[in-house]
Amino acid sequence: MSEKKTIRLIVTRQDRPDSAPYEEEFEIPYRPNMNVISALMEIRRNPVNAKGEKTTPVTWDMNCLEEVCGACSMVINGKPRQSCTALIDKLEQPIRLEPMRTFPVVRDLQVDRSRMFDSLKKVKAWIPIDGTYDLGPGPRMPERKRQWAYELSKCMTCGVCLEACPNVNSKSNFIGPAPLSQVRLFNAHPTGAMHKAERMAAIMGDGGLANCGNSQNCVQSCPKGIPLTTSIAALNREATVQMFRNFFGSDEV
Amino acid sequence: MAGNREFFYRRLHSLLGVIPVGLFLTQHLVVNHFATQGPEAFNRAASFMGNLPFRYFLEIFIIFLPLLFHAIYGLYIAFTAQNNVSKYGYFRNWMFMLQRLTGVITLIFVTWHVWETRVQAALGTEVNYDMMANIVDNPFMLGFYIVGIVSTVFHFANGLWSFCVSWGLTVTPRSQQIFTYVTMAIFVALSIVGIRAILAFA
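Residue numbers (my numbering), protein chains in the order written: chain A, 1 to 253; chain B, 1001 to 1202.
A couple of the hints might just be wrong.
[Said to hold, decoys possible] Heads up, simulated EDC-like pairs for lysine to aspartate or glutamate below, C-alpha to C-alpha not over 20 Å straight-line:
no., chain 1, residue 1, chain 2, residue 2
1, B, Lys1087, A, Glu92
2, A, Lys4, A, Glu42
3, A, Lys122, B, Glu1006
4, A, Lys79, A, Asp89
5, A, Lys5, A, Glu25
6, A, Lys171, B, Glu1006
7, A, Lys4, A, Asp89
8, A, Lys154, A, Glu67
9, A, Lys171, A, Asp118
[Claimed, not checked] Pairwise CB distance ranges (calculated):
no., chain 1, residue 1, chain 2, residue 2, range
10, B, Asn1134, A, Gly225, 55 to 61 Å
11, A, Glu66, B, Thr1111, 51 to 57 Å
12, A, Asn246, B, Arg1118, 35 to 41 Å
13, B, Thr1111, A, Met41, 54 to 60 Å
[What the hints assert, rightly or not] Which chain A residues face chain B? A few, computed with CB under 8 Å, are given here:
no., residue
14, Asn167
15, Asn214
16, Gln216
17, Gln220
Since the hints were made in silico from the structure, they are not lab data.
Every residue, glycine too, gets a C-beta built ideally from N, C-alpha and C.
With the hints as constraints, model all of the structure from the sequences given.
This is the structure in structure tokens:
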């Protein structure tokens, strides 16, 4: 009788936020066109590990299943990426799944990325348009600018760039590449530019822009191909100008 | 913005690394290169530098204070990084790691070098060709000096690259790529100057 094709997975598990992580191996039946999520769903359907022992189903986060929400990010075979677009046929086995440890682990592969939301709030990553009356349409945006700004808007706050960055860790308070690039995006918008100085002040504060050490892992790792290091360098230039404005005085501030 | 000094310290660290520390390093290596023209040429150049007017002022404000700030704050920067080249083996990530590694090596080397030359000079030893010749007479010390010089020059050249990014000079990937070539050419050129000089004493 021919042997049935299987998939081997080694999952780094953790029962509670404060408990020690451990590895558990799984062997699940192969089906064509599986991704890491459908493999995890198979474990959930039949939570038995490779030794044949009954175990708890593996916990992970997911939402859109088409790589636009960022929720299902995890470290797959050593690299952080979205598990929805990680196809089993393209992965070396055993497939190693780990949580993105840059963030607090909630359970198994599920992490708490709220620090990224906090950073977006800190840098005012939005465009204030509300008033007491209708302000009418805003100024137009040059098409060329719109094109590069659109690339920056693809950020889904997945956390992969923070995971890859050597300067985002428990010893530093660096907010990481993603929120910095959002500052460039919202400063580029004609209406958003009205709050440019506030955003620059936020990223010129502690844990901000200056913490970048130019390892450029972020731009190599971003699943959306966002030019994160270009954004950082562009903000560095803006910060240089802002620094002189702040010290010597300017009507722009 | 009291208590919000990180941006200022980082930018100061970046600036001081180039002006004046990097400029001093280049000048120092160039003056040392006189040793390749023989002991007299080196002694003339060394005594010219050593007898510059306002020497102590120049030493304190162009060398020691900037160097001390750059070194101490640099150590803090180096030890807040969590290097991950084994996982992300990209070129720039290697340079990131090497920048921190050579920074630490350079600090050890420069401390020892200042002790052996400037501090000894202050204690009454004359700074001349023979002083260096005696030091590098020991093959271990010659090796230590070569490693120290190459590490210092690398740290300066690659630091120049990150200086250009940190101050917003090189923004596009293309300009950053070309500056990688330029700074690595500076690394090779200054390494040759430094190693030729130290070998002239051996």
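For each hint, the structure was consulted:
no. : hint                             : in the structure
1   : Lys1087/B - Glu92/A              : 16 Å, holds
2   : Lys4/A - Glu42/A                 : 16 Å, holds
3   : Lys122/A - Glu1006/B             : 17 Å, holds
4   : Lys79/A - Asp89/A                : 17 Å, holds
5   : Lys5/A - Glu25/A                 : 16 Å, holds
6   : Lys171/A - Glu1006/B             : 15 Å, holds
7   : Lys4/A - Asp89/A                 : 16 Å, holds
8   : Lys154/A - Glu67/A               : 11 Å, holds
9   : Lys171/A - Asp118/A              : 18 Å, holds
10  : Asn1134/B - Gly225/A: 55 to 61 Å : 58 Å, holds
11  : Glu66/A - Thr1111/B: 51 to 57 Å  : 56 Å, holds
12  : Asn246/A - Arg1118/B: 35 to 41 Å : 38 Å, holds
13  : Thr1111/B - Met41/A: 54 to 60 Å  : 59 Å, holds
14  : Asn167                           : 6 Å, holds
15  : Asn214                           : 5 Å, holds
16  : Gln216                           : 4 Å, holds
17  : Gln220                           : 5 Å, holds
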